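Trainee: Use these hints to put chain B onto chain A, whose structure you have.
Chains A and B, in that order, give the protein sequences. Take the first sequence: its letter number 192 is residue 192 in the numbering used here, and every next letter is one higher. Take the second sequence: its letter number 269 is residue 269 in the numbering used here, and every next letter is one higher.
Derived from the structure by calculation, the hints contain no laboratory data. Mixed in with the good hints, there may be bad ones.
No distinction is drawn between identical chains; accordingly, a pair holds when it is met within one copy or between any pair of copies.
Unchecked claim - Result set (DSSO-like, lysine-lysine): computed pairs, CA atoms no more than 27 Å apart in a straight line:
| id | residue 1 | residue 2 |
| --- | --- | --- |
| 1 | K80 | K288 |
| 2 | K95 | K218 |
| 3 | K132 | K191 |
| 4 | K73 | K288 |
| 5 | K189 | K162 |
| 6 | K286 | K54 |
| 7 | K312 | K34 |
| 8 | K179 | K54 |
| 9 | K57 | K225 |
| 10 | K132 | K99 |
| 11 | K242 | K95 |
Just so we're clear, the structure is a prediction, and the values are computed from it rather than from any experiment.
Protein chains: 2
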Amino acid sequence: MNNRIKRFLKYMESEGIKKAVVLKKENINYFLGKYFMSFSVLVFEEQPYLYVGKLDKDYAEEVFNFLEIKEFKSWEEIFKGCDGIERELPIGYLKYIDKDYKIISDKIKELRMIKDKEEIELIKKAAEISDKAITWVYNNLDNVKNLNEYELVAEIEYIMKKHGSIKPAFDSIVVSGKKTSFPHALPTKDKIKDVLLIDIGAVYDGYCSDITRTFLLKDDEEMRKIYNLVYEAKKIAEEHLKEGISAKQIDNIVREFFGDYKELFIHSLGHGVGLEVHEEPRLSNKLKDDEDVILKEGMVVTIEPGLYLKNKFGVRIEDLYLIKKNGFEKLSKAEIPEY
Amino acid sequence: MNNRIKRFLKYMESEGIKKAVVLKKENINYFLGKYFMSFSVLVFEEQPYLYVGKLDKDYAEEVFNFLEIKEFKSWEEIFKGCDGIERELPIGYLKYIDKDYKIISDKIKELRMIKDKEEIELIKKAAEISDKAITWVYNNLDNVKNLNEYELVAEIEYIMKKHGSIKPAFDSIVVSGKKTSFPHALPTKDKIKDVLLIDIGAVYDGYCSDITRTFLLKDDEEMRKIYNLVYEAKKIAEEHLKEGISAKQIDNIVREFFGDYKELFIHSLGHGVGLEVHEEPRLSNKLKDDEDVILKEGMVVTIEPGLYLKNKFGVRIEDLYLIKKNGFEKLSKAEIPEY
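Just chain A, with the same shape it has in the complex (with noise of 0.2 Å):
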């Protein structure tokens, strides 16, 4: 049994809760520490047992020797006298709750939210991975001029599948020209020119890293403004980047410094990054003031602020942070080009 089932043991105790079901592929994989995609239920009564299918029972028993292997048979027998369940629960499910039941979900987030040595090694692994590709790219810049999207993309996969990722943390936005400008476009057939971004992330072990970059391609003046508007932003965040600060409060440092420019700032500075890309703490404007998070050491956020020029291109620049007393440690180290 290791720490995290423990703690989660204590907090089930001290809420008197008797049996948890955990369906959520993300938290079953923080209890098992370690990334298990097939079907499985993990359940909490004075000990932890993990359901999983008959045709891969023999591979659990072989990882996961620290608790007991179940073969699924029914969904009624799991949720028997179960009265913690997770927020994200399908409502399909509650026919099969015979009892009063508590949400467990807040406590399995706030477990989550503080990473753990083990868990800092694999971001810290999965983030260099990233990284590699990212350089890659910024020392090729001549040849990529000549790829389409699609092909940079391909490219970009592979370098990161080679260094153990298992797939990429999200659908990778490599894009370029005017699509840039949407925050989330998907790579297509199109040439690249002008302006390239890349949002890609690596999946290593289960554990996610998120970084981007923006390659201006040729020489504009509107578009070395805007980049060094986004540069200058970074560098404001990191300064007040400690344990201390609040999510809000960054956020809101950010968009002060874009001044005129803040109606560009459409989406929120940061997230937080681990088992899922987008976890907790987020950190945006728009938090109400009870959603709001003091940020603590062991949190893994990004920093990604951006302006969108509508119809024109947009700029991103992103890293990933672990939260530390006095500041913090850059996980992601790709070089940022400057214009």
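Mentor: Positioned in the frame of chain A, the structure of chain B alone reads:
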């Protein structure tokens, strides 16, 4: 407004549902007729409309010009007066629901189970892409033997990506040696040897493919025997595969064919494929009578018999089929090795 939306609105009318809310990504993409992974919520009243985040509004308006795009404000607004929800809706949203509701999931499943012309084209395209990767492996087996599993999976996914696959349809299974006896094992740094099992899928504009080939890399009588049993089992299934047979029947036919070996066939015969790589209908002997499905023209399913010898090796061969009135069209076309 497309036919899929029209059919659903007709269903709502017949059921007396005034306002239905769709959150499940694949369901939204089904009605949009387009892959869209950013945050979105589809609402059906007399007309359908789509909520997206502020940062995706311009993009959505450009791409989905056949329905109204609204900016997400609050869950209260979305669920106000809602009386149709999905079974997959997380229980956390129940607090916003102010009326009695009906479950709309079965109708959406039923619609999605029969693929229309556009969907079949996209699945064919996805199948062509995974065929290319499998064919490359078959044509390069001598070189492949010098790779480890990580390296081979990188090559395979690179080929799929270059040909337009957005991402793998699931974590690619590319394993060799004893690990092939676990149906869901993940690639490792192990060198490829003895036997190589490749189970992969592409995603093209949201639609998945799914194909498995097993390559025998050494001359072993038991392997050959098991391989040919699986090979024959797939042929038996094909003889019965057409409109009118039930999902449970066809699984049972193959299970009976395996005779003494049926204990080694530890999973079901196949599953539907579309916007999800595992969807309805499931071809399984474990279906209860009221869960069984009669196969119909327009369904797309896998047939994937497999035998797994603990601590030795496993063999699985899988193809993708479009059900027709008097038979099927095979959508995956990569050659099947003969041993």
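Trainee: A separate judgement is required for each hint: does it hold in the structure or not?
Mentor: Each hint, compared with the structure:
Within a single copy, K80 and K288 get their C-alpha atoms only as close as 37 Å, which misses the 27 Å cut-off; across copies the closest is 21 Å, which meets it. For the homomeric pair K95 and K218, neither the shortest alpha-carbon distance inside one copy (60 Å) nor that between copies (52 Å) is at most 27 Å. Proximity of K132 and K191 under a CA criterion of 27 Å is satisfied in both settings, with 23 Å inside one chain copy and 24 Å between copies. In this assembly of identical chains, the alpha carbons of K73 and K288 lie at most 27 Å apart only when taken from different copies (14 Å versus 43 Å within one copy).
Taking the closest pair of Cα atoms, K189 and K162 come within 27 Å of each other both inside a single copy (24 Å) and across two copies (11 Å). Taking the shortest Cα distances, K286 and K54 sit within 27 Å of each other only across copies (12 Å), while inside one copy they are farther apart (46 Å). In this assembly of identical chains, K312 and K34 lie within 27 Å of each other by CA distance solely across copies; the values are 25 Å between and 44 Å within a copy. With identical chains, the CA atoms of K179 and K54 are at most 27 Å apart between copies only, with a shortest distance of 16 Å across copies and 47 Å within one.
Taking CA atoms no more than 27 Å apart as the test, K57 paired with K225 passes between copies only; the shortest distance there is 25 Å, against 58 Å inside one copy. Proximity of K132 to K99 under the C-alpha cut-off of 27 Å is found in neither arrangement, the shortest distances being 51 Å within a copy and 52 Å between copies. Taking the closest pair of Cα atoms, K242 and K95 never come within 27 Å of each other, the shortest separation being 45 Å inside a single copy and 36 Å across copies.
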